[in-house]
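Asker: Spelled out from the first residue to the last, the chains are:
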Amino acid sequence: MRINNVEIVDTFAEAFPMAAARVTITAKNEKWAMQAAQAVTGFATSVIGCGIEAGIDGVSSKTPDGRPGLDCLFFGMSAGALEKQMLKRIGQAIMTTPTSACFDGGVSECPADERTELKLGGKIRYFGDGFQASKVINDTRYWRIPVMEGEFLIQESFTMVDGIGGGNFMILAESDDAALAAAEAAVERMKEIRGVALPFPGGIVRSGSQVGSKYAFLPASTNVAFCPTIRSRVPKTEIPKGVNSVMEIVIDALTYEQVAEATRVGIEAACLPGVMQITAGNYGGKLGKHHFHLQELLG
Amino acid sequence: MNTRVHLTLRTAPDLPVEADSLLPETVTGKETADIAALPLLVGNHTETVGDHFQVEITDGSPDTADTLATLELTGNLSRFKHIGEAMTRGTLTVNGPVSFHAGAKMSGGELIINGDAGDYLGAMMTGGTIVVNGNAGHFAGSSYRGYSRGMSGGTILVHGNAGNLTGARMRRGLIAVRGTCGDLAGFSMGAGTVLIGGEVGVRAGANMSRGSVILLTPPEEIRPTFRYNATCVPAFWPVMHGSLSEAGWSVPETGPYALFKKYSGDVNEGSRGELLLYAGTA
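Chains as they are written, first to last, in our numbering: chain A, 8 to 306; chain B, 1408 to 1689.
Mixed in with the good hints there might be a few duds.
[Claimed, not checked] Covered stretches of chain A (chain B as the covering partner; in silico rule of three or more C-beta atoms under 8 Å from a C-beta of chain B):
| no. | stretch |
| --- | --- |
| 1 | 63-73 |
| 2 | 142-152 |
| 3 | 155-168 |
[Claimed, not checked] In silico negatives: residues of chain A with every beta carbon more than 10 Å from chain B:
| no. | residue |
| --- | --- |
| 4 | Ile10 |
| 5 | Asn11 |
| 6 | Trp39 |
| 7 | Glu124 |
| 8 | Thr244 |
| 9 | Pro247 |
| 10 | Tyr263 |
Keep in mind that the hints were calculated from the coordinates and are not lab data.
For each residue, glycine too, the CB sits at the ideal point set by N, CA and C.
From just these sequences and the hints, can you work out the full model?
Answerer: Below is the structure:
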């Protein structure tokens, strides 16, 4: 299959179930909501090194306190891992941001019977050192934690669902400029889809990884099959002749459909001049239960 | 199909009536004659619903077991006590005044009173919503005498005034009174919120151990057992304001980003409760 003369490889992206949650951050104005959102989703590119993956989902259409707000998505390998990381991040990045408040963003796109609760506010409240107080409004409990600036408000429970992590595709191009331009175009389109997080910087990763390493202490190492600069030294290189740069877009989302749609629109947008091939990473289908066949998505 | 059962009072009774049997679940699935045969305790003897009300069923066939009827009572029910008491679900609308204990001990559903309510409105309720488009008497949402816990859940929205001891000993939930309120609002409350729009009587929040008494019309003086902390926008207020606005309980003079003077008290009970006095727009 070819789109705009770009070869779409007949392969699939292999993705995994991940525990996922959406958080709505509000603040006095857009500036401080964004500050909190960027801080809480920062250094959350990969569970390999960060323990969590996160991204800004978009502007909240309606926030519980009526203030400007942003939705953020969080993905962890298990409910426990997700909770542990979110507690740290909300406590250190949202609660510390002036005027912020933190609410469950809801996961209306997921079936009700698949939803469980994470008691995040119910644990962060202890920061109040005994002076915290709760307020129940419309059957929802909020915690009021006294802070130097005033009060930090956080919802007691957040909704958790089984999301999907590790959706991906790779852009193989003649140059790094061409790869970056294509990746940027893809991210621009993909950001429009709600429920999707692109956890790497700017949505793009230039250092995709393979499982394991020749070094026993490393769980992951550089994806040698897709590194152009060692093409001749790697027995099973995936770099076609003429490709000098590869960039990957990793996709986490709340539902299968969201990953599929993001992959589709991203690849379509990435088929720009200078791009030679678009492919995806997988493990032969043995590890992840979610498979996204590129040609089927684009067919 | 959800049916509507209308009970229209023929003549106001001379004696008090115990009307706790008039609930959506007790009329659901019944024909007109069956509803008319339901017992009512009038004075010290038993009469029937049909003796006092004209019964009418509209909107189709009788309900299934899963669909509650909407019950609507119309007339001067100021001698009818316990209307909506122990209600668990469904909607009960009263077009007219009601007597004591309306919605007491209810745990769910919605009770709408288009008129005045007597004392002990929603006393010791645990859930559900009561809307009074009129005034409420004393002890709204409070405990009964001899009990230590008042309402422990749910919402009471009073669009008119309320009497003394509103929210006394309450443990959870919200009581919002748009108009004035009598003495001792939130007396000895242990949690929850009492919100008063108009002028309030003496000793608001006396002996409260937790919870919030919010006064949109600040009194000239407050009890000396409350201590001033700061003037701020309580973080929960925009959420509560939005919730009240959606419920049709308007608080126009404040807006969602209102400033409040926050006092902690009652110092005799550990100072964990709060008085919030409206102090202008942020």
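Asker: Please list, smallest to largest, the hint numbers that this structure does not respect.
Answerer: none
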